[in-house]
Structure formats: structure tokens, C-alpha cells
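Asker: Below, each chain spelled out in residue letters.
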Amino acid sequence: MEILAFLLLISAFLLTRTTRLSTAVHILLAQSAVVAAACAAAGWQAGETHMFVAALLTVVVKAGLIPYALLRLVRLLKKEREVHPVVGPNGSSLAAVAAMVLSYGLIERALPAVISRDAVASAVALVLIGLFLIITRRQAIMQIVGLITVENGLYVLGLSTTRGLPLIIELGIFFDVLVMVTVMVILAFRLKRSFHSTDTSILKRLKG
Amino acid sequence: MYELIVLALGLPPVTAAASLAVRRRGFLKVMNVAASLTTCGLTFALAAGVLRDGPYAGGWLFVDALSALLLVVVGLLTFTATLFSASYMEAEADEGHIKPGLLGGYYALLQLFSFTMLAVLVAENLGLMWVGVEATTLASTLLVAFYFNRSALEAAWKYVMVCNVGILLALLGTILLYYAQLSAGGGGAPLSRAAMEALSGRLDPFLVKLAFVFILIGYGTKAGLAPMHTWLPDAHSQAPSPVSALLSGALLSCALYVLIRNLGIVTAVLGGEFVQAALLLFGVLSVAVAVPFMLVQHDIKRLLAYSSVEHVGIVSFGLGLGTPLALYGAAFHILNHAVAKSALFYLSGIIIQRYRSKHVMRIRGLFAAMPAAGTMFLVAVLAIVGTPPLSVFFSKFAIVAAAFAAGKPVLGAALLLLLAGVFAGMMYYATRMMFGTAPAGLAAARPGACALAAAGLSLAWVVGTGLYVPAALDELLTRAAAQMFAAVGGLR
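Read top to bottom, the protein sequences are chains A and B.
Heads up: the first sequence runs through residues 1 to 208, numbered per my numbering.
Heads up: the second sequence runs through residues 209 to 700, numbered per my numbering.
Simulated from the structure, these hints should not be mistaken for laboratory data.
Computed from a prediction, not measured in an experiment: that's the story for all the values here.
Don't be surprised by glycine CBs; every beta carbon is placed ideally from N, CA and C.
One or more of the hints may lead you astray.
What the hints assert, rightly or not - If we take Cβ atoms under 8 Å as the criterion, some of the chain B residues that face chain A in the derived model are:
(1) L350
(2) A353
(3) Y355
(4) R358
(5) A363
(6) A364
(7) K366
(8) V368
(9) L376
(10) L380
(11) Y387
(12) L390
Could you put together the complete structure from these sequences and hints?
Answerer: In C-alpha cells, the structure reads:
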């Protein structure tokens, strides 16, 4: 579990460094694979079969369908990359480190009784870094990547504190995430067609 | 009861699937209006069933007076929105704003949107409620983007990003609640409301407080409470008018409902004071934020959207007061706002189609140009600003009076002052639009009969319930207020 938590932190850290969209999607894919592995490992420890189902779904949805759709979108965009993030890679990485320190400190204070401290702390860090990416990146794809990172973080948090939600709710969440990405990819395609770009900083007509 | 719930849940998705298959426009319209009317009837039957037999609880499903009230809101608005769409979207297709081939998709999304809202209202489990709320965002995003022009895309993107981030925070809060439940030894029925309430004496207060923060911010975003309301004016103004009506009247109410349900657990653990203070704060803030934007607004639909922020604020204020009178007012206000605001969005849709502009200053001489729709528009504006004897006045009055009765005269006076500002702003724009001579070169098209009927029906409801509250409705509101009292009143 410690190794997996460490890998998750690395993936989040790398996400703050990359400005290339396809690299970001690949990191996301790896991150989701780690989440699936963590889910399977936790299921093995607890001897619960429903967690293997969840692990399998994570692989199919988050390491399969979602990266596939995002990569197709990237290919369509050709040379687009994150040119002017609000905070540059160095600043983002610093913020990511701060998020990690913060989340470890938070866990120490807020949930001292939790067994797998590393997993919970990395989950909280993932949520914070994901939110940071959404706020500071302007490319539609980077924002989607940030959103999935937040979702992954929440998933690991649920996994490490409660052994995951009941399967029916879990299924609902997977379905929602899948539809969410589908809807956002459709919107990003349309943005590209209407604005010739998916840089969301051009979206500033609606005010007041 | 069980059969009614399953039918009400099953009909919209079936209609959605059928809408995608049907090609003939006339049949599409009739089928959807008939299906929505049936759904509406089923929600009324459910409410009657709750009044007769008491709350229904069975497995994952749960319907009590509070859910029944919201079911009636969603059912009624789905019906009027579909009826309105029957003429409005037809005209949009004829004028070339949307491709005629997309009409089937539009109705399918509308029915799915209605389904997700109904599902939220009959879910017993806090986890499934979350799944449902997330699904409402997904079903409505493409409706917000439906014109697929630049502004609509911008609005839809902001809508989906802001609401998803908010709703993920709510998921974080829900996971924390589940953790608290497990820590207290209640693993048998994860996130079931009944199980959690039974366990509330043993839940860790710190964890619940942490969860409360995320849940309030998360669902508050979806409900359009300031300062998380930023998606709302964009989405409401860019969506097709019937969709704006559903977003404003039904979706915001559903989000409030889920918030209330979650706060029920929180109050049981922490007591009412903390929850009430937060609701009062967000309530006053939402009204205060909306007023300046309404005074300088030039886009008629944005004006109505900010009015929705204001009204969600008023309901939140009523919830925060937490006295029986305030909660009766809040329950009544949810219903009144939903119906009155949907009528306003329908009428603004008719007006925009005629004037081909959303700009308030370019719309002159409504009385002369379209006497029927113009008169209805004036009545609807008078209703929404709270003019007696229309129903919105009574719910607003109950909430303001409750503030004074609860020993919070400063808050009550502040709210009254802000409401006076809203009144001035809305009436100024409304009278400007009403009088004067209509510009030359208006579109010749007359508003469709279905569109006028939808708006007229909603207005008749507002006027009718203002003059006389039927015993059944009063009973439903009283019981819903009692449910709210259990959730946020804090006197267990």
C-alpha cells in the first residue's frame, strides 16, 4: 500500500510539471492503473469480492475508455499544448509539494485513528492537486485531467478509510464519471469547432 | 405506493428512448406532452398517497411529505416545460436556431433530466442521492449547450466544471459521513438515512462537522447559493427557455432538498445552531449578491437567473431561522418560486422569440405588441417580487415575519431592505418593457397556443394558491415543514 500511495503522489507531481496534453493523459492513465491496483490489493487484504469488481471497472473506465476518448481529442487538436498556465510548472510543483505536506499534517490532526495513513494522505494530496490543476490550467483537456485526478483521490480516500462504498453506489459513481467525461469531450470538440481552440481562457463573453 | 414510484421513475426514460426513435414531429410532441402529463399525475398521486398513508419506506426508496412536495414541483414543471416546448422548440426549429432533426434528442434529454431529478427525490440513501445529483448535471449540460453557439458552449463548460467540482466536494463530505458511520459501528446499511439517524448519538462530531462543510459547499454550489452561484446566470441565460425554467424551478429546489436531507444527519449530531447560522449566512449573502446584479442587468434571462439566486437565498434564510413558521414559509416558497419563475422563463421565451432580442432596453411596448403574453408577463413579475395577493407574497411574508418573531429583527429588516431593492429593479425593467410603442419590424409570428397555455397554467396556479390554499396542499406543506423541522430545527 505504501508503494502505491507513493506512486500516486509521483503521478500527481508529474501532472503539475507537464504542459503536453498527451503526456498528461498518459500520466492519468498510469495513475488510474495504480488506483485499480490499490483497490485490488485492499480487496485481497479484506477478502471482499466486490472490490475486485470495482478494480476491474476502474481499469475499464478510467484506464481504458476515458484515456482513449481524451487521446482521440488530443490527436484532433494537433499541436495544442498548455502554453500559458496561470501558474507555471515550477510554481505548480511547489504548490503540489505544499499540498502533500498539508495533507500529511491534516491527517495527523484530523484523522489520527486511520490505519493506512500514507494512503489517506496521498488521497487528500491528489484531491488538492487536482483542484489546483483545474484552477490554474486553461486547456479543456487539462481541466478534465484535473477533475479525474480529484475523483481518483476521492476514490482512494474512500478505499483507505471505509473499504469503498457499497457496490451499487460505486457502480453509480462509475457510470456518472463515464458520462461526465463523455459530455465534456463532446463539449471540448464543439469548443474546438466554434473557437478553433480548447483554451478555456477565451470563454469570457458572459459577464455580469 | 411502490408501483406508483416505479411507474413515475420508469416512464421518463422510456419516453426518452422512444423520442430518439420517433421521426414524425407531430407525434413526438403529442407523445412527450402526454408522457409528461402522466408523470405529473403520478407525482400528484404519490403526494396524495403520502397524505393518506404516511411516509413510504422500502429498501432504497423513500417518500415522505418533503419528497412528495418536491416531486409535485418536478412533476408540474416537467409537464409545463414539455407543453411549452411543444410550440417553443417547434418555432426555434422553424427559425433555424436548431436543426429540426435534433428535436428528438431534445425531448430525450428533457425526459432524462426529469428522470434524474425524480430519482434524487425518491432515494433513501445519501450515496444514491449523490449519484442522482451528479446525473442531473450530466443530463442538463447538453441541454444548456443545446444551441451550440459560442455563448451556449461557454455557459455549458462553466456549468459542468463548477458543478462537477462542487459535487465532488459533496462526495468527499458523503465519504466522511460514511467513515463516521463505520467508525460508530454501523456498517450494516451504508449511508442509509434511517440507519444513520438511529446511530446519530454515536457519530464522531468532529468528522460530521468536517463532512458538513464539504456537503454545504458541494450541494450549495448546485443549489446556486452565493458565492458558489457563478455558473447559474450563464447557464440559465443560455439554455433554451423551457430548460431555464426547469433549471431554475426544479433543479435548484432538488439541490436544496438533498442539502436538507444531509443536514438532517448533521443536525442530529451537532445540534441546530451551527447549521442554522451557516444557512442564514449563505441565505443573506445570496440575496445581497443578487440585488446589485439585478439592478444593472440588461439581459432579461440573466435578470431572471439572478432573481433565482435571490429566491434560493430566501429559502435558505427560512431554513436557517428554523422555526415552524419559517419552515412552512420555506416549503411554500420552494413551490411558489418554482411555478412563478418557470412562468416567467416561458413568457420571456415567447417575448425573445417575438423581439429577437434578450436586451431589456430593446423590448418596448409589450402591451401593444402582444397583449396576452404581455399581461401575463406583468402578472408574473408582480408575483415574483412578492405582490399580494399572489402566492409568493405569502411565503415571503411568512419567512420575514418569522425572522422578527424569532428575535432576529436586524436580519429581518436587512432582508426586507434587500427585497425592496429587488422590487425596485424588477419593476423598473418590467414597466419599461410593458409600455411605450413597439418597435417596427417585429416578427409576425404569434405565440403558439401550447406556449401560452403552459404559462397561463403556471400563473393560474400562482394566483389560485395565493387566494386560497386548498386543505390538501396546506396539509402537505405543514407535513413537509415538519420534516424540515426535524432536519434543521435542531430540537430533537
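Asker: Would you mind marking each hint as holding or not holding in the structure?
Answerer: Quick rundown of the hints versus the structure:
| no. | hint | in the structure |
| --- | --- | --- |
| 1 | L350 | holds, 6 Å |
| 2 | A353 | holds, 6 Å |
| 3 | Y355 | violated, 11 Å |
| 4 | R358 | holds, 5 Å |
| 5 | A363 | holds, 6 Å |
| 6 | A364 | holds, 6 Å |
| 7 | K366 | holds, 7 Å |
| 8 | V368 | holds, 6 Å |
| 9 | L376 | holds, 5 Å |
| 10 | L380 | holds, 6 Å |
| 11 | Y387 | holds, 5 Å |
| 12 | L390 | holds, 5 Å |
Checked against the numbered hints given earlier, the structure breaks only hint 3 and satisfies all the rest.
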